[in-house]
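> The lines below spell out each chain.
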Amino acid sequence: MQTIVEARGLVKTYRRNDGTEVQAVKGVDLDIQKGEIFSLLGPNGAGKTTTISMISGLIKPTSGDALIGGYSITKQPLEAKRLIGVIPQEIALYPTLSARANLEFFGKMYGLFGKELAARVDEVLDFIDLTDRQKDRVDTFSGGMKRRVNIGVGLLHRPQLVYMDEPTVGIDPQNRRRILDTVFRLRDEYDMTVLYTTHLMEEAQELSDRVGIIDHGDVIAMGTQAELTKQVGEEDRIIISLGEEQIEEANLEPIRQLTNVQSVRHEVIRLDALPIVENDDEAVVDKRGTGSMLAVRSGQTTETIITITALGGRKVLSQIITALNGIPIQSVEVREPDLEAVFLNLTGRALRD
Amino acid sequence: MNKVIHVALNDLTISFREKGIWMNLVVIPVLLILLIGFVNGQTVGGGTTQILMDVVNLDVGEDGEPSALADGFLQTIRQTSERIVLCPMDNDADDICALDDATTLSEAAQTERLSAGTVRGTLIIPAGFEAAVLSGSAVDVIYRSDVDPLQPDFLVQNVQVAVQRVGAASVAARVGADAFSTLSDGDAEAFGAAVYTQAEANWAALAETIAFRVNDEDESSSDNIGFRQSVPGMGSMYVMFTVLAGAVLLLQERKQWTLQRLITMPVSRAQVLGGKMTARFAMGMIQYAVAFTFGAMLGVNFGDQIIPLLLLMMSFVLCMTAITFLLGTFIETEMQASGLVTFFVLITAPLGGAWWPLEIVPPFMQTLALLTPIGWAMRGFGELLFYGGGLTDILLPVAVLLGASAVIFALAITRFKYE
Chain A
7 MQTIVEARGL
17 VKTYRRNDGT
27 EVQAVKGVDL
37 DIQKGEIFSL
47 LGPNGAGKTT
57 TISMISGLIK
67 PTSGDALIGG
77 YSITKQPLEA
87 KRLIGVIPQE
97 IALYPTLSAR
107 ANLEFFGKMY
117 GLFGKELAAR
127 VDEVLDFIDL
137 TDRQKDRVDT
147 FSGGMKRRVN
157 IGVGLLHRPQ
167 LVYMDEPTVG
177 IDPQNRRRIL
187 DTVFRLRDEY
197 DMTVLYTTHL
207 MEEAQELSDR
217 VGIIDHGDVI
227 AMGTQAELTK
237 QVGEEDRIII
247 SLGEEQIEEA
257 NLEPIRQLTN
267 VQSVRHEVIR
277 LDALPIVEND
287 DEAVVDKRGT
297 GSMLAVRSGQ
307 TTETIITITA
317 LGGRKVLSQI
327 ITALNGIPIQ
337 SVEVREPDLE
347 AVFLNLTGRA
357 LRD
Chain B
30 MNKVIHVALN
40 DLTISFREKG
50 IWMNLVVIPV
60 LLILLIGFVN
70 GQTVGGGTTQ
80 ILMDVVNLDV
90 GEDGEPSALA
100 DGFLQTIRQT
110 SERIVLCPMD
120 NDADDICALD
130 DATTLSEAAQ
140 TERLSAGTVR
150 GTLIIPAGFE
160 AAVLSGSAVD
170 VIYRSDVDPL
180 QPDFLVQNVQ
190 VAVQRVGAAS
200 VAARVGADAF
210 STLSDGDAEA
220 FGAAVYTQAE
230 ANWAALAETI
240 AFRVNDEDES
250 SSDNIGFRQS
260 VPGMGSMYVM
270 FTVLAGAVLL
280 LQERKQWTLQ
290 RLITMPVSRA
300 QVLGGKMTAR
310 FAMGMIQYAV
320 AFTFGAMLGV
330 NFGDQIIPLL
340 LLMMSFVLCM
350 TAITFLLGTF
360 IETEMQASGL
370 VTFFVLITAP
380 LGGAWWPLEI
390 VPPFMQTLAL
400 LTPIGWAMRG
410 FGELLFYGGG
420 LTDILLPVAV
430 LLGASAVIFA
440 LAITRFKYE
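Residue numbers (this note's numbering), protein chains in the order written: chain A, 7 to 359; chain B, 30 to 448.
Since the hints were derived computationally from the structure, they do not count as laboratory data.
Keep in mind it's a predicted model, so treat the numbers as computed, not measured.
Wrong hints could be hidden among the right ones.
To be verified - Below 25 Å or equal to it, Euclidean Cα-Cα: the simulated DSS-like pairs (lysine-lysine) are:
#1 K284(B) to K66(A)
#2 K48(B) to K152(A)
#3 K141(A) to K32(B)
#4 K141(A) to K48(B)
#5 K32(A) to K446(B)
#6 K152(A) to K141(A)
With the sequences and hints as input, model every part of the structure.
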């Protein structure tokens, strides 16, 4: 396959106000193939946006470079940028202008004029399903509609490569589904390459042909999902929610003694500290990764979670519940090896941490 | 270039969609032009500005009193125009001459006052002036001014008129005395003096030779003079508000990520910045257009020096544009930006002479005015609108404003952050 992004040794160092330096990205190497959906998965603050900002020409790398379709983003930025459509995490639109006026202005910045511009704007409005609202001001739109215009701007010039930086943050499930479907359409119908950043394991898992896992400014693993999950072996993860019930470390010892159990850890999650999407309990579930929606609905503020890795998780489940010795359980979920497990295995932390 | 224009047009469209834009761009400036214009029209009184000239009269008798002829010469100057104030002799209770209780002026003090712009000219009447005039001998009356000798100057023309009158009266007196001594045995000297006095009186009875006019308008309307101050003054002040508001827009663009999005597109940073600067510059010129159009509707005659006027406006707007982008490099919140802009405008506008003519403030305030861009702009407007000046009279203000713009732009561009 043809490589469309080839990043080598990307480093970004910032100087703090007190004069000390902090490395946000520590030498990232990336190869993205033409026509694939590549997800950069990592927790908040891992360096995803900084990496994407460097390879989109927004910020200059402290060192290293990236070739976009053979053009250096540092030495031939204008040529490289012609190949890229950037869809930032923020709604980067002029709120007092209409959807059409926004698209027309940004289209001109991509070098589109006259009939060609009008045709592309019509095409994009149709693609994002906002033809009937094209003359309305963007600040009258819902969050999901703004997201769609935000995506549309990045597609005006039919780029070979689309960067999407956490495009589903803060939107309802219906619009989120629409965006994920859009990503597939870009690859399948328009033959575009998509570089997608997310901190949501489920999105990376659903969308990606290949995934790069990034943490603390380093890409710590890269490959197809099968290649990555292979790294963590065959263990299932058993996630037990105890609701607000507290538990001592000593209560977990009987579980650790069970055959096939590899590891046991527990944590107390503060639910009121989680970003909750309005009218969207499911998004909270995604961030907690427990599958439980009861906690949110009952208004509880903390949740105790026990995470156990074990071979043949379903088979040992009854033994685990017995070992808990009557501690009330709110929910139980058994997950087969996934990207969350890979991240946990590589960093010792959950993605949500 | 195309993209620069599109960025600028987009910014202008957004600016004109802001709530309250017409209030800030038209309604408030127009009301202030009216208000400040009326106030200045009353305060300045007589509808014009007094012109100060320092005088050192060395032609004094043994009793220390000025000679009659020197005194008459100064009186002749006063007669040429009521606008001329001779210092220190015509100083008033308000210290119009800015003498701070001094009653005489040394030559050194004169030079200093002239350099500082306190007075527009200085005149030295030499010792022996009266004797020389009456005997028909040559005598040098020294007049000094900073005004370009190639440019017409109201004051020097009036001094010349006075000299001409004194000279003509002197000739008449000599001719009369000579004729009298030939025809009679009387006192020829006394006769000559009498002829001189009569000749002087005849001159004075003639119409004002040189009037203080900066244009052909009806001087009886004191409002026009007030508006001639308030139109450029309030216009410039609102140019500052309008252009400097761009600092808030830059902040908003950075916050809503549209600035960053532009940088990820095939547009150079210079094009983005150039477009945004063009938009702010255009807003400033539109603001001036509003103020001066309203001034014209009020009947203010801005003279025929359109190109110098435009050049001055453009220099000032450019300077404000540069300051806007410098502000954009360090302000972090909209509140901070609004506070800083309001503080900057409300301090420098009155200091620079936007609210009242600088001629009525003490000399140290006039010096402070030159530390502000608007002070230089108002100095230029004063030259064009009050003193009938032309291109050469505004070259210094324009050069200062353009020089400041270049330095500030250089600083802003090197510090400007896009992300």
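> Indicate, hint by hint, whether the structure satisfies it.
The hints, checked one at a time:
1. Restraint check: the Cα-Cα separation between K284(B) and K66(A) comes to about 20 Å, which is no more than 25 Å; the hinted pair holds.
2. A threshold of 25 Å between alpha carbons decides the hint, and for K48(B) with K152(A) the separation of about 22 Å falls inside it, so the pair holds.
3. Simply put, K141(A) and K32(B) have alpha-carbon atoms about 23 Å apart, close enough for the 25 Å limit, and the pair holds.
4. A distance of roughly 19 Å separates the Cα atoms of K141(A) and K48(B); the hinted pair therefore holds under the 25 Å criterion.
5. Distance check on the hinted pair: K32(A) and K446(B) sit about 23 Å apart at the alpha-carbon level, within 25 Å; holds.
6. Note on K152(A) and K141(A): the hinted pairing holds, with a Cα-Cα distance of about 13 Å set against a maximum of 25 Å.
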